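Chemist: Spelled out, the chains give:
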Amino acid sequence: MTTRIVDAPRGREPATPSRPPADLRVELGGLALANPVMPASGCFGPELADLMPVDVLGAVVTKTVFATARPGNRTHRITEVSHGMLNSVGIPSQGAAEFRRSGLGGYAALGAPVVVSIGGLSTAEYWRVADELAGAGHAALEVNVSCPNLERGGATLDTDPRAMSEVVAGVVARSSTPVLVKLSPQLQTIGDAAKAAADAGASAVTVCNSFPGLAVNPARREPELGNGTGGVSGPAVKPLALRLVWLAAQAVDIPVVGCGGIRSAADVAEFLVAGATAVQVGTATFAQPALMARIVAELPALAARLGVDRLADLIATLTTRPKEQP
Amino acid sequence: MTTRIVDAPRGREPATPSRPPADLRVELGGLALANPVMPASGCFGPELADLMPVDVLGAVVTKTVFATARPGNRTHRITEVSHGMLNSVGIPSQGAAEFRRSGLGGYAALGAPVVVSIGGLSTAEYWRVADELAGAGHAALEVNVSCPNLERGGATLDTDPRAMSEVVAGVVARSSTPVLVKLSPQLQTIGDAAKAAADAGASAVTVCNSFPGLAVNPARREPELGNGTGGVSGPAVKPLALRLVWLAAQAVDIPVVGCGGIRSAADVAEFLVAGATAVQVGTATFAQPALMARIVAELPALAARLGVDRLADLIATLTTRPKEQP
Amino acid sequence: MSGPAALGVLEGERPVPACERAEVLVSRPLSDRYRLLRFRSPVIAERARAGQFVMLAPVTESGPVLPRPMAIYTRDAAAGVVDIVYGVVGAGTTALSAVAAGETVVVTGPLGRGFAIHDDTERVLLLGRGVGICAMTTVAQDLADTPVRVAAVLSGRHDASIIGADVLRACRADVRRVTDADGTSGVPAVRERLHRAFDVDPPQQILTSGSERLTRLAAQLAARWRATAQVSIEAHMACGLGYCHGCAAGDGDGTREAPLVCRDGPVFRLRT
Amino acid sequence: MSGPAALGVLEGERPVPACERAEVLVSRPLSDRYRLLRFRSPVIAERARAGQFVMLAPVTESGPVLPRPMAIYTRDAAAGVVDIVYGVVGAGTTALSAVAAGETVVVTGPLGRGFAIHDDTERVLLLGRGVGICAMTTVAQDLADTPVRVAAVLSGRHDASIIGADVLRACRADVRRVTDADGTSGVPAVRERLHRAFDVDPPQQILTSGSERLTRLAAQLAARWRATAQVSIEAHMACGLGYCHGCAAGDGDGTREAPLVCRDGPVFRLRT
Ligand SMILES: Cc1cc2nc3c(=O)[nH]c(=O)nc-3n(C[C@H](O)[C@H](O)[C@H](O)COP(=O)(O)OP(=O)(O)OC[C@H]3O[C@@H](n4cnc5c(N)ncnc54)[C@H](O)[C@@H]3O)c2cc1C
Ligand SMILES: Cc1cc2nc3c(=O)[nH]c(=O)nc-3n(C[C@H](O)[C@H](O)[C@H](O)COP(=O)(O)OP(=O)(O)OC[C@H]3O[C@@H](n4cnc5c(N)ncnc54)[C@H](O)[C@@H]3O)c2cc1C
Ligand SMILES: Cc1cc2nc3c(=O)[nH]c(=O)nc-3n(C[C@H](O)[C@H](O)[C@H](O)COP(=O)(O)O)c2cc1C
Ligand SMILES: Cc1cc2nc3c(=O)[nH]c(=O)nc-3n(C[C@H](O)[C@H](O)[C@H](O)COP(=O)(O)O)c2cc1C
Ligand code: FES
Ligand code: FES
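Chains as they are written, first to last, in the UniProt record's numbering: chain A, 1 to 326; chain B, 1 to 326; chain C, 1 to 272; chain D, 1 to 272.
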């Protein structure tokens, strides 16, 4: 790919962050972050550096990397649904070796800690990715356990806590960095999955990946997406993700990274209060590429409004213990 | 309660249904419906007869009835979330005997088959409700298995297929009407739950109940709802429910009733194509009380647009088999 | 939001509600905090009793999912129009404020049980704060052409946050304003002022809305004057008709549910 | 939506995109099917190359979640304004049509790889259908003050669904309209007509957009005339920048992903 990028002044949306009066730092299982805001895997790339100051982010997260190259799913890969989007991109990947050679550098140059998301269709594949990335200079790994486990019938890896534990323990053993585990949305059993990840040595759990969904074109009697089903993300899933974050935070002592539908500083506050130590922003960046920087810029005012000097003082402060009842 | 209702002309939204040229009938496990549209439990009452012609509905569904009287949850019980609502009404109930005496009649007078939704916190309670309702003149029961099972640690009944089977089999044994089983949204295991219901003798499964979620008020460090968590319903959950309907329809031979976010005739078509034999409309009725009648009125045009003489010919016609992949 | 515990359910007629796509005739700011929405609905304008409300939703696929409850501020049966006045607080009222004249809203109403004025009542005292006043303006409308005298104490943060004074005056009510800004709205001050004004010739009915502190004051005054008191309360609502059970007025008593604000209220008898 | 298999990735510069809240200057219907949106963006107007696009989203909490890709129809660097023309088809374009002049939209652009005009090209033929023509009007803008001659065949259902003729003519292009309504838009008829018109002095470049049938015709004509062909294609998009991988131009070859329409396109070389 020979793309010459013309050097031109950077276009930005209005708000640029100023010196924070409040302490925005959070500590994510051995990883010190300047603030709790990072992108969600697959919803960020170095391309965004043209559109916003990316060095203000707490961390950056790569798209999920597999061991070998993959083409991704058939088109259409994306459509819009009510207050959300449905995607079945299917995680195309250059493969881990090529990513280390030509992909990682772009993220490393951004000036924020780099979290590399890794995937696999078998236990061995996850481990191979971890091996390939050993010593590559990233700050942490995020194990995407929402991939189907082809060795055990194709169900999502983390619906099988034993299989997930094996994967995670192996990745932890191969890594000198903290290891995050990104769970899929398990409405009934998220606590068990989080526990299994913690027991296997995870430094934190990310809750959660997109929610499996379907859109149908009735005239063509076909799914809207080439792959059939896909993952729902965006504001529509926020209340679902928020409950899962709260449940996971009740279940484990390691930090929880909240993800799902976040698009404002107020949303960040909801997730922190419910138990998240940091947050990831995915879908919202598509319509507002500079949003994450704006959220970071608003965090000091948010802390002031909510009466805390340290943003971290919001974490897990929900006073009424939500009950689960019919 | 002494409410005198002044007799006055009925106010209606514009569209009133005309004689259908297409055949709208569907057959729901022994229950013949004039068309596939019915309300979702808890989102309908005889009060709506003032605002729309209710006799055009395929069926009406009551709020879930428990064996004994229950007060429901603390306030607030309802709030709005992104393109959906969150509720933790908590199923207040008069109790089954009182419902049979003073509640059922209002539904029976509406001119459509009555489906009575029943609930319980124990196996025995479900059975007691079924016993109390024996011979009451309703057209079917819908067993709401999303209630917590207090005998087994409080998890939702249908996350434990054995416990659910026992409940359903007992209700079927006590009923001379078809028995529908309304499942909760189990993203990973809906097929298993549907199978368990079918094996226990259910005539159909309703997929699905509201999605557990949470909304937080960060300033007060409290959940927005008095109960803490609640159920998300409305357009936001439509793609999630649609996938579950498709999975359930793949898993069982009995009919599936689709429910979740439906608010137009086009939505009905999506659910039928994905595998539903009938549909339930919940949240959408709140903002548009006459919506269901309007949808029924639009079904003939929908059938024409989609090229079918019988609406039932749309059922389970998705041509591409959706794949579940990362 | 949820009212005080000692609520009694009123009796009386409730007209049958209608559901319509109503044309918006006026949509404009009324002050820095409030907006006026006027819509055409001959049916609702004719049927509505004092203190009833409507459920309102803009007609948009992407707007709010739930309709919003709004008191009927005034209605004109002859002209077939209804006014509501509302504060823009969150997503729902923001969406409402974007509806322009000429567009339509889905309106269901009239809903709920309004204020009941007893046959032998000669004087009525209205105690309202902020937007709560909107629930009581229709009482003054109904009593305007009767011998019943209406006095009103309107409370608000500052002058601009008091609404309804003009409507009440047009209905020949005796209006007093009290505000946080000028220090006159504190309950002891208001109590003192009302004792002085009405101890000699007290009202037979006290109606209140918009403030828990004023509700408690209403109960005290009712006891002092042997008057009856009624309060209009708010609750989060979905259906407005009584079937969703979203709007219970409290937490119930263990087996029985508390009254439903939309069906049994929004106006309740205040047990004193 | 996804283009034909034989796509080659063009080379050349891609200006750095900007993201702005841009003021809408004009938002109005252009015909029964299309609307014009003009917004102020000196940066995008100055940087945009012919055939590039923008991602557009109304600024509203309750509107669509994804921005919509729209070709730059015309841009005026001196005035600092950009025009897009679009058809209202679904929720996103409906929301866009509700944005009024004076309001703002979030715009990211210029994006993608535009049409590449070779130094030795003397004649260019544009083959466009419907809204696809909007992707090629900027080519005529760029060539208006050069010796390169531009001919255009604009195809549509009927006269009202052909857009861009005025812009192209203002850029001194030779415009021919063909419509389904008058039976002139069938591929054999168009082919025949083009052979007659250009066999003697054929164009060196054929650019096309908006129709798979015209794309195949472009490839055939290119072969006949030893010209090169480029096509602008569409794909569902989320980011428009190349990182979401939503917009692959096809299904890939087993391990490698197909080119990304937003980053490697939307204009591709058509292998003939
Ligand atoms: C019978 C009745 C009459 C009312 N009359 C008026 C009136 O005349 N003028 C006026 O300004 N307001 C009135 N209200 C309050 C009005 O309904 C709320 O301000 C409005 O619902 C807020 O919606 P929102 O989306 O803007 O706010 P948000 O806070 O974003 O709303 C979130 C959710 O909570 C609900 N909610 C929040 N506050 C209230 C509240 N105070 N009462 C009920 N539900 C609430 C909303 O309906 C929504 O479901 C009345 C309420 C009731 C019950
Ligand atoms: C590079 C590029 C340039 C374009 N330029 C123009 C233009 O100048 N004028 C114009 O009218 N249209 C143009 N389009 C198409 C335009 O983006 C779609 O019409 C629009 O996205 C439809 O959105 P909707 O919500 O109204 O429709 P819906 O059908 O409701 O959209 C559902 C989803 O599918 C996507 N989608 C549907 N159709 C298309 C399509 N044809 N292309 C891309 N995504 C689609 C939407 O973005 C949305 O995510 C262009 C597309 C691309 C990729
Ligand atoms: C286009 C797209 C691509 C994604 N790719 C990945 C991925 O490669 N790995 C991963 O773990 N999650 C991926 N996700 C899920 C997001 O990281 C995130 O968990 C999800 O979108 C929910 O967050 P949101 O609502 O803020 O978007 C992707 C999501 C989208 C929309
Ligand atoms: C206010 C409210 C009350 C409900 N009560 C019940 C109930 O009593 N029993 C039940 O099975 N489902 C109940 N539901 C769930 C609905 O029947 C339906 O499954 C859910 O709302 C999804 O459909 P929708 O998106 O169309 O609303 C309730 C939902 C709402 C919003
Ligand atoms: S709002 Fe539905 S019962 Fe009162
Ligand atoms: S739209 Fe995101 S990669 Fe092309």
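Treat the hints with care, since some could be wrong.
Beta-carbon label-pair distances, calculated as ranges [stated by the list, open to error]:
hint, chain 1, residue 1, chain 2, residue 2, range
1, B, G111, A, A155, 43 to 49 angstroms
2, C, R256, B, G106, 15 to 21 angstroms
3, C, E61, D, H118, 44 to 50 angstroms
4, D, E61, B, A124, 44 to 50 angstroms
5, B, A173, D, V88, 53 to 59 angstroms
6, C, R256, B, A124, 38 to 44 angstroms
7, B, A109, C, T184, 36 to 42 angstroms
8, B, A173, A, E166, 52 to 58 angstroms
9, D, V88, C, R256, 16 to 22 angstroms
10, B, N217, D, V88, 51 to 57 angstroms
11, B, A109, D, T104, 50 to 56 angstroms
12, A, E166, D, E61, 40 to 46 angstroms
13, C, G254, B, D309, 51 to 57 angstroms
A short, non-exhaustive set of chain D residues, derived as facing chain A with CB atoms under 8 angstroms [said to hold, decoys possible]:
hint, residue
14, Y34
15, A77
16, G80
17, G92
18, G250
It should be emphasised that the hints constitute simulated quantities derived from the structure, not laboratory data. What you are looking at is a predicted structure, and each value in this text was computed from that prediction instead of being measured. Where is the CB? At the ideal position from N, CA and C, for every residue including glycine.
Chemist: Run every hint past the structure and note whether it holds.
Modeler: So, going through the hints one by one against the coordinates:
| no. | hint | verdict |
| --- | --- | --- |
| 1 | G111/B <-> A155/A: 43 to 49 angstroms | holds (46 angstroms) |
| 2 | R256/C <-> G106/B: 15 to 21 angstroms | holds (19 angstroms) |
| 3 | E61/C <-> H118/D: 44 to 50 angstroms | holds (47 angstroms) |
| 4 | E61/D <-> A124/B: 44 to 50 angstroms | holds (48 angstroms) |
| 5 | A173/B <-> V88/D: 53 to 59 angstroms | holds (56 angstroms) |
| 6 | R256/C <-> A124/B: 38 to 44 angstroms | violated (23 angstroms) |
| 7 | A109/B <-> T184/C: 36 to 42 angstroms | violated (55 angstroms) |
| 8 | A173/B <-> E166/A: 52 to 58 angstroms | violated (44 angstroms) |
| 9 | V88/D <-> R256/C: 16 to 22 angstroms | violated (53 angstroms) |
| 10 | N217/B <-> V88/D: 51 to 57 angstroms | violated (38 angstroms) |
| 11 | A109/B <-> T104/D: 50 to 56 angstroms | holds (54 angstroms) |
| 12 | E166/A <-> E61/D: 40 to 46 angstroms | holds (43 angstroms) |
| 13 | G254/C <-> D309/B: 51 to 57 angstroms | holds (55 angstroms) |
| 14 | Y34 | violated (21 angstroms) |
| 15 | A77 | violated (14 angstroms) |
| 16 | G80 | violated (13 angstroms) |
| 17 | G92 | holds (7 angstroms) |
| 18 | G250 | holds (7 angstroms) |
Of the numbered hints stated above, those contradicted by the structure are hints 6, 7, 8, 9, 10, 14, 15 and 16, listed in ascending order.
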